[in-house]
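S.K.: Protein chains in written order, with numbering that gives the first Met the number 0: chain B, 0 to 326; chain A, 0 to 345; chain V, 0 to 295.
Worth flagging that the hints you see were computed from the coordinates, not collected in a lab.
The reader is advised that the hints may include incorrect statements.
Sample of chain V residues lacking proximity to chain A, with all beta carbon distances greater than 10 Å (derived) [to be verified]:
hint : residue
1    : Val-41
2    : Arg-195
3    : Leu-196
4    : Ser-197
5    : Val-279
Cβ-to-Cβ under 7 Å is the rule here; a few derived chain A residues that face chain B [what the hints assert, rightly or not]:
hint : residue
6    : Thr-51
7    : Glu-279
8    : Asp-315
9    : Gly-316
For every residue, glycine included, the Cβ atom is placed at its ideal position computed from N, Cα and C.
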Amino acid sequence: MSESLLEVSDLRVDFRHDGRLVRAVDGLTYSMRPGQTVAVIGESGSGKTVSARAIMGLLPPSAKVTGSIRFDEVEMVGLSEKALRSHRGCGVAMVFQDPTRSLNPTMRIGAQIREAIQTHEKASRGSAQDRALELLELVRLPAARERLEQYPHQLSGGMRQRVMIAIALAASPRLLIADEATTALDVTTQAQIMELLRDLQQRLGMGLIMISHDLGLAASFADDVVVMYAGRAVERAPTQMLFAHVRMPYTRALLDAIPRLENESHAPLAAVPGQPPNLALREPGCPFTPRCPSATDRCREHAPVFEEHEPEHLWACWHPCEDRVRL
Amino acid sequence: MSTGEQLLDVRHLVQEFEVRAQGGVRSGVVQAVSDVSFTLAKGETLGLVGETGSGKSTLARAILQAPAPKSGEVLFEGTDLVKLKGRDLLRARRQMQMVFQDPFGSLDPKWSVARIVEEPLVAFRTAARAERRRRVTEVLDRVGLDPERYADRRPRSLSGGQAQRVAIARALALDPALIIYDEAVSSLDVLIRAQVLNLLERLRSELSLTYLFIAHDLALVKQVSDRVAVMYLGKLVEIGPAESLYREPLHPYTVALLASIPNPDPAASRAPVTKTIRGEPPSPIDPPSGCRFRTRCPRAQDVCAAEEPLLRKLADGHFAACHFPVSDDAPAPALAGGTHDAAAPD
Amino acid sequence: MANLPSDLVVAGVAPRADEAAADRVAGRWRGRIGVIVPAAMVGFIFLLCFVWPIIGPVPPPTGGNILSSNLPAFSPGHFLGTDPVGNDEWSRLLYGGRASLEIALAVQAIGLVLGGLIGAIAGYLGGWRDATIMRVLDVLIAFPGLVLAVAIAQGLGPSKLHTIWALCFFSVPAAARISRAATLRVREQTFITAARLSGTSFPRMLLGHIAPNILPQLLTYALLGMGIIMILEGALSFVGLGVPPPAPSWGNMIAQGQSTLSAAPRYVFLPSAALFITVVSFNLLGEGLRARWGSQ
């Protein structure tokens, strides 16, 4: 029984917006071991980003968080800001979507990395600079020494994202969260960055959580996939198993909606009608009901429980899909 | 599915931008579109793929003369749009419309849905108000938005998919022949995207439309297109039937794009991307001499720096601009420590 | 007001009937207090200055009986007393307020419309037209507002109308600046490109697309500027170049009250306090609207 790196139990996050209570995360439960790569997949409003911020302790003070997030056996929910700050960066680090906005445009690259290093350990300017160079080389940034003196705007999007990763790795975190880290990048750069992340993760033995809407990306790089919808986890399985034996109709819909190179031109995509639910309204039952081809009255009235139905394969559905013959 | 008649004939299109450094001083010129030529047949869907800086969006706007290109010809049903001005250009514009990437950005937040869709009708002064209203209702219906429920809404109260449908309705209002989709589904959620794509297909066949579909996702483009064109740094590097491009890509950049697509089937194994393309995109202000892709290309030789490859026919309807196109006898090699200079960082 | 992460902005859907109505209402009103209170204050001031003298028992502000001059506060028939010439102080305060407000409103309205239009045209067209217009405006803005106003008022002679013209030289270029900046921002939006591709004519672009989208900013600026204009008017009147006595304005009341400052400070204090409260109310309203509209 390997120690678990992260255990999220029944996490709920509420916001107040325009006078209404919006439940962004509604009972999320999952765990991961050290060195694992877990992809958290969902569309907008699924709660995937909010849950990631909750793990980092980065939610605004107006957010109400209940449930439990245990990182390395330490309970994160309810920790003081001070405790969270020391935990961020050396326990868990995050790489954000838009490197343009996450890097300070008025500070040189080297200075920003040094800042990250010096926040977590006592280091002289010189040794921090050396470590910064090491980190840039670790993320395979070409001409690293020159880059230290440059400003973010002198780098391309892909390079900036590498810098972001270097900053995230500055304090040797045990868990790295990549929140749509490649979404804003070109396809070719995206692939390069993903390969880099995977290499780093294997080399440094970090846990990696990939937050994305791109199921294909998850398939290529993750060990396990957690699919979220309307703030809840609806399916979880090791990647191969998920694609071979998808059970939750939502996950199947996601898979079917991805354009494939193998498809013929002008072939219609299997699409479900409707749109993601309004998180301000909490209906009983399964949130996917209005759009689900297999929905019944039972789905409308009672929310299915997210639990393990087959070995290592968890889902929340009353009418899971059968295995189908795949081309 | 095309009738073979040519709708659009773009010849040697060039579009440039001035680059200003701090303080507004001219510091250079970017050739965002550099000598691009292609044709589009009636009823056909041409997909245009490229990454940031490829010039695909600029090309689309240049075709629509917004702003007019620096040089080249854009023949729409025989008439050169570049030469048109004022009233004549306005009249020609009726035939072509565009749907943009940001569903909300392209709708005036202060206008109602009905007013937004009606705008082109008002601008061209087609018909009296009653007739315009009828047309708005008709076109909203076509895109799957119930006019009763949506006509008076503001964009703020719409979802991304609904907003994009409004934009599509607006594009259809004047009954155009050509619609250009500039990353029109890229900001939508996966499931909504599929819905909208199906809508586009349906509209295409119902109304006999011609599409120019621009995106950075090659799989997406291939699914909706008859032919696909690939752009890199302002140049058209490959163009051909969608199926051919996928099965037998000719240009090394196309190979790299195909390799970068995350494959949802984990059973499929692919060469890592780093073997098909390396380095960073060069600066558009100072593109590499000769072939613009040579600094990242695993097949580049000296001649690639000296001489710019021109688009030439290498198979049926399939063209590529490369001195060493990929083929069965010379597939894309792995990048094993080349003797060529690494990409100069920008 | 919580700022939701971007992936949570959910399309508006009609709220459920049984949702806690109080919960919903409370949340929405919380944001509006910042606007409602100052708006009420401004409304009240307007009511007093414009409506009350017509319907209520307010003696005329001029033509007072010298025999009842310098009466103290709470005298019968004159609850704020009378001025050195016998005019009712309360009446002078109200009519003075009316004059000051009329001037400020007129100046800001002209600024909004004229300045707003000029700025929007400059911002939208760009190029040499923009450059020319802006250089002309720059010249006007370069003059210190008060000096310019004084010079013009001096040239035209003191009267309410001339005060308005003089102050417009200040408000029009300032509004044009704001309008141009706002227009430049709106111009970059895709819906402008879409409108152009739809064939929308230039006047319709300006009035249909640009104007409604820059109006919130212009309006906020106009409200914040009310205070400035009222003080400028006060200054003009103070030096005798604004509203000519015996017609009262808060500015000339303060000027006149100067001479008897130690003996009867209320002649200065009352119009000053009124000016202060009015300016603060407009400022709060402008700020409140800016906060509310900015967050949308």
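S.K.: Hints numbered earlier in the text: which of these fail when held up against the supplied structure?
M.R.: As far as the earlier hints go, 2, 3, 4, 8 and 9 are violated by this structure, in ascending order.
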